[in-house]
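**Q** If you're matching them up, the sequences are chains W and B in order.
Quick note on numbering: the first sequence equals residues 0 to 57 in numbering that gives the first Met the number 0.
Quick note on numbering: the second sequence equals residues 0 to 170 in numbering that gives the first Met the number 0.
Incorrect hints may appear among the rest.
Below, a sample of chain W positions facing chain B; criterion: calculated Cβ distance under 7 Å [said to hold, decoys possible]:
(1) Y5
(2) Y12
(3) E29
Chain B residues, not near chain W, derived (Cβ > 12 Å throughout) [as the list claims (entries may be wrong)]:
(4) L20
(5) I46
(6) I78
(7) G94
Away from chain W, derived, C-beta distances all over 12 Å, residues of chain B [said to hold, decoys possible]:
(8) P28
(9) T31
(10) N44
(11) S47
(12) Y55
(13) Y62
(14) V74
Just so you know, the hints here were simulated from the structure itself, not pulled from any lab data.
Quick caveat, the model's predicted, so the values are computed rather than measured.
Built from N, CA and C at the ideal position, the CB exists for glycine as well.
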Amino acid sequence: MRRLTYWCADTVYFLSTVAFVLMILGNWREHAIAAEYVLLFLVVAMNLYSLYILGRFI
Amino acid sequence: MTPHEYYIYALAHVVFIVMGLLLIAGACPLPTQWTASTESFLGMNFISEEIMICKYTNTRWQYLPQMVSISLSLVYIQIYHTYRILTAENVASWGATALVVILSTGIHGFLVLISNDYRTSLQVRDNNERYHFYGVGLFVTSFWIAHCSSAYRMRDTRPRSTECTMRECAV
C-alpha cells in the first residue's frame with residue numbers, strides 16, 4: 000500500500016510537470032502559475048513521505 | 000540510523016517548509032529598482048519571481064533563497080539515506096552512485112534556477128531564459144528520478160514486524 004502511494008505521488012508529479020510545461024509552451028501563464036504551486040505541494044509531500052519511510056527504520 | 004540524524008532531517012524539512020512559505024507569501028520587500036512586470040493568478044506569482052524579489056531586496060530577506068537551498072540539500076541527503084536504508088546493503092552499488100549524481104544535479108539545477116531569471120533587468124545578462132529553463136528542467140527531472148528510485152526500492156521492503164535496520168541485518 001505504501002509503495003502504491005509512493006508510485007501514485009510520483010505519477011501525479013510527472014503528470015503535473017507535463018501539464019506545467021504544456022501551459023508554459025502554450026503561453027497559458029496564469030494556469031502555469033497554478034500548476035507550479037501544485038508541483039511545489041507535491042515536492043513537499045513527497046519529501047515528507049520519504050522522511051516518514053526513513054522514520055520506520057529508527 | 001541514529002535518532003539524531005533523523006531529527007536533523009526533520010528539522011531540515013521544517014526549515015524548508017517555513018522558509019518556502021515565507022518566500023511564496025511575499026515576505027521580501029520589493030527591490031527599489033524592480034522593473035519586472037508581475038504576472039499573478041489568484042494573488043499567486045511565479046515562485047521564481049518571488050525568489051528574484053528576495054534576492055535583490057536590500058534587506059536581510061536576501062538570504063532567504065540561500066537558506067531554502069541549504070535546507071533542500073539536507074532534504075536531498077535524507078532522500079539518499081532513505082534509498083540506502085531501503086536497499087539494506089552496506090556496500091557501494093550502481094543505483095546509489097547514480098542517485099548521488101542525480102541529487103547533485105538537482106541541487107545544481109536549483110542553484111542555477113535561483114541565480115537566473117528572465118523577468119528582471121537586474122540580471123547580468125540580457126537574456127537569461129535559457130539558463131532559467133535549464134535550471135528548472137534539471138531540478139524537476141532529478142527530483143522525479145530520485146523519488147522514483149526510492150519507490151522502486153520499496154518493493155523489497157517487508158512489513159514492519161520483520162524489517163530490520165542496516166546494522167541489525169549486517170550482523
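**Q** Which of the numbered hints above does this structure break?
**A** 4, 5, 6, 10, 11 and 14
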